[in-house]
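Number of protein chains: 2
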Amino acid sequence: MRSFAIGVDLGGTNLRIAAVEDSGRLLQSLSTATEVARGRDFVIAEMAIAIRELARQFASTHKLLGIGVGVPGIIDLATGTLHSAANLPGWSNYPMRSELESRLGVPVLLENDANCAALGEKWIGAGREVEDLCMITLGTGVGGGFVIQGKPWHGLIGMAGEIGHMTVFPDGSLCGCGNYGCLEQYASATAIRRMAAEAVADGQASGLARCMESDPAFSARTVFQCALSGDTTALKIFAAAGHALGIALASLINALNFPLYVVGGGMSRAWEVFSPALFSELRKRSIVFRAGESSPGKQKSTTVVPAQLAGDAGLIGAARLPMIAKSSWNFCSLAV
Amino acid sequence: MRSFAIGVDLGGTNLRIAAVEDSGRLLQSLSTATEVARGRDFVIAEMAIAIRELARQFASTHKLLGIGVGVPGIIDLATGTLHSAANLPGWSNYPMRSELESRLGVPVLLENDANCAALGEKWIGAGREVEDLCMITLGTGVGGGFVIQGKPWHGLIGMAGEIGHMTVFPDGSLCGCGNYGCLEQYASATAIRRMAAEAVADGQASGLARCMESDPAFSARTVFQCALSGDTTALKIFAAAGHALGIALASLINALNFPLYVVGGGMSRAWEVFSPALFSELRKRSIVFRAGESSPGKQKSTTVVPAQLAGDAGLIGAARLPMIAKSSWNFCSLAV
Chain A
2 MRSFAIGVDL GGTNLRIAAV EDSGRLLQSL STATEVARGR DFVIAEMAIA IRELARQFAS
62 THKLLGIGVG VPGIIDLATG TLHSAANLPG WSNYPMRSEL ESRLGVPVLL ENDANCAALG
122 EKWIGAGREV EDLCMITLGT GVGGGFVIQG KPWHGLIGMA GEIGHMTVFP DGSLCGCGNY
182 GCLEQYASAT AIRRMAAEAV ADGQASGLAR CMESDPAFSA RTVFQCALSG DTTALKIFAA
242 AGHALGIALA SLINALNFPL YVVGGGMSRA WEVFSPALFS ELRKRSIVFR AGESSPGKQK
302 STTVVPAQLA GDAGLIGAAR LPMIAKSSWN FCSLAV
Chain B
2 MRSFAIGVDL GGTNLRIAAV EDSGRLLQSL STATEVARGR DFVIAEMAIA IRELARQFAS
62 THKLLGIGVG VPGIIDLATG TLHSAANLPG WSNYPMRSEL ESRLGVPVLL ENDANCAALG
122 EKWIGAGREV EDLCMITLGT GVGGGFVIQG KPWHGLIGMA GEIGHMTVFP DGSLCGCGNY
182 GCLEQYASAT AIRRMAAEAV ADGQASGLAR CMESDPAFSA RTVFQCALSG DTTALKIFAA
242 AGHALGIALA SLINALNFPL YVVGGGMSRA WEVFSPALFS ELRKRSIVFR AGESSPGKQK
302 STTVVPAQLA GDAGLIGAAR LPMIAKSSWN FCSLAV
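Protein sequence lines correspond, in order, to chains A and B.
Okay, so the first sequence: first residue is 2 according to my numbering, each after it adds one.
Okay, so the second sequence: first residue is 2 according to my numbering, each after it adds one.
Excised from the complex, chain A in its bound form:
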């Protein structure tokens, strides 16, 4: 009898839940809007119902290993408390693990969502062959997570992976975090949109201006479409993002010499338009990257690739948590 775990990807917008086999096969997944406005108790109740439903569905064919939940915030892992989550107002200092465990009667593991994505890619995505990887998520913001020796890396207070707030231009744009020139100010979807709006306001981007007029929901995706059609300004904006990402990544590669860096998040779909500038920076700025490239057969090259699991990485990584947990539980029996 195979075993499985249930992974939860709790986002500020969507709540996704999946049953994942220990082979990595996605057995079934559910998705619903996160009704943040109805409060955390409502969301947790919905989550528990959906988890039970999935558990029931596979109870006859699979053994349940536990529940893993990816949360967009800072977690106190020792107590299972959600310390804070920017996109989940009212959830601060919430004893989420014990709340879920008492509702479900099975072990629950919490993990930061970026770490879950890194773990998902390590398990069945771009990082299958390595034990150490760094994942950078380019979305509305820029996030990150590390897997070190096969396990998510939390850091002292669970805040490891704040790659979006690495300084790339010390006198650059003011960031929401209070710093200047953070990576997030240049390589997020928000930054792409801002740089495009600035170029249009400067009157130097007629192509982009036309796109903006014709698309009321003007977004990074619009700028990407412009770039694909050859618009010079749009291409320059993505090159600027690749340039900034390259500066930060070159520093990480020089410091850590990991085998693999995975670029995920929605913006990673624009890989073809920003990655040339990224690799050009890596070759210029990282002696470690160059040393790997010049090794015989490039066998010791640093690999930098787009993520493979797209939006599922976090969900799959969350389901992986009970499978790699320190204490090996007995198989769980969820009162279905």
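Simulated from the structure, these hints should not be mistaken for lab results.
One should not assume that every hint holds.
[Claimed, not checked] Quick list of the computed label-pair ranges, beta carbon to beta carbon:
id, chain 1, residue 1, chain 2, residue 2, range
1, A, 218, B, 88, 45 to 51 angstroms
2, B, 296, A, 36, 30 to 36 angstroms
3, A, 103, B, 326, 51 to 57 angstroms
4, B, 237, A, 27, 32 to 38 angstroms
5, B, 312, A, 103, 55 to 61 angstroms
6, B, 326, A, 27, 39 to 45 angstroms
7, B, 24, A, 94, 42 to 48 angstroms
8, B, 280, A, 80, 29 to 35 angstroms
9, B, 79, A, 36, 51 to 57 angstroms
10, B, 237, A, 85, 25 to 31 angstroms
11, A, 85, B, 79, 39 to 45 angstroms
12, A, 195, B, 237, 55 to 61 angstroms
13, A, 13, B, 312, 49 to 55 angstroms
The C-beta atom is built at its ideal place from N, Cα and C for all residues, glycine as well.
For chain A, the structure is supplied; the task is to place chain B on it using the hints.
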């Protein structure tokens, strides 16, 4: 009966060898000039003689665990080959471990010198209380090493810790590595001397100019003395170094959230004149640093401190290698 190991700190200038007890007590140490000009076989022969002498001295009271050697270069750990070492011409692709083992008949472990220093500080220095730390060495250049979960972190090709080549100013000074604006260009002793010479050449630093005239061996130490006597230009130069170090360190803290960052190397003696600028940058640029500082009782603060073992860190860390090696050897019997 207590046990001990012999540590070797092989530098381009000095060769140091010590017998260190498993308690961390330095039993005895020897120091000699590294006669690089006489070739590697001569140096290795001298090293083997000194190791035998130390081993003999403690053979009746202690059990020998093995030999650890810190080397200023890139090591292929699997084969025990010194891949390259900038300050040891003629030592490239040298099978150093097997050469030493065949001369001594006991197990030898090689390790990068910066990693040894990090390990020494972890064992009996500033890092005694933690399992994870980052060490930054400010010397002629800027080096670094990580200890993760109690062990030196090598990276894919043994090049982890190239912190001196993290980019702090993307359009800054050209570095020997080919990049622009590397940390090493601002926070090394070489950089301090260069910035002082530039200030004097600009005619804007009469105090420094006088120091330079009166000291034919004008060095970073001279600039430090000037700074201690209140010279504004010298103080600004050290603030610039602290500023650059703060930018790089803030990025590392945001990415890794380690509990401890140790600043060592000769230049760390100037801590009092560069650290205020360093901490000012950390508070401005690192959300993770700030989050730790504001935690209750500051119990989860990121700690940034000067090294405690000064020049002995690498030597002591090298001796530590046989004590933490994966395979637990039987006690060694060195043919004395």
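Now for the hints, and whether the structure bears them out:
Distance hint check for residue 218 of chain A and residue 88 of chain B: the Cβ-Cβ separation is about 59 angstroms, which falls outside the suggested range of 45 to 51 angstroms. Residue 296 of chain B and residue 36 of chain A have their C-beta atoms about 32 angstroms apart, which keeps the hinted 30 to 36 angstroms range intact. Remark: the range hint 51 to 57 angstroms for residue 103 of chain A to residue 326 of chain B is contradicted by a beta-carbon distance near 46 angstroms. Distance hint for residue 237 of chain B and residue 27 of chain A: a CB-CB separation of about 59 angstroms, inconsistent with the stated range 32 to 38 angstroms.
Look at residue 312 of chain B against residue 103 of chain A: about 56 angstroms separates their beta carbons, and that is inside 55 to 61 angstroms. Checked against the hint of 39 to 45 angstroms, the pair residue 326 of chain B and residue 27 of chain A passes, with Cβ atoms roughly 42 angstroms apart. Restraint check, residue 24 of chain B to residue 94 of chain A: a C-beta distance of roughly 43 angstroms satisfies the suggested window 42 to 48 angstroms. Between residue 280 of chain B and residue 80 of chain A the CB atoms are about 30 angstroms apart, so this pair conforms to the stated range of 29 to 35 angstroms.
Roughly 54 angstroms separates the CB atoms of residue 79 of chain B and residue 36 of chain A, a value that falls within the hinted 51 to 57 angstroms. Checking the proposed 25 to 31 angstroms range against residue 237 of chain B and residue 85 of chain A shows it is violated: the Cβ atoms sit about 39 angstroms from each other. In this structure the hint that residue 85 of chain A and residue 79 of chain B lie 39 to 45 angstroms apart at CB holds, the actual value being about 44 angstroms. Distance hint check for residue 195 of chain A and residue 237 of chain B: the Cβ-Cβ separation is about 35 angstroms, which falls outside the suggested range of 55 to 61 angstroms.
Residue 13 of chain A and residue 312 of chain B have their C-beta atoms about 52 angstroms apart, which keeps the hinted 49 to 55 angstroms range intact.
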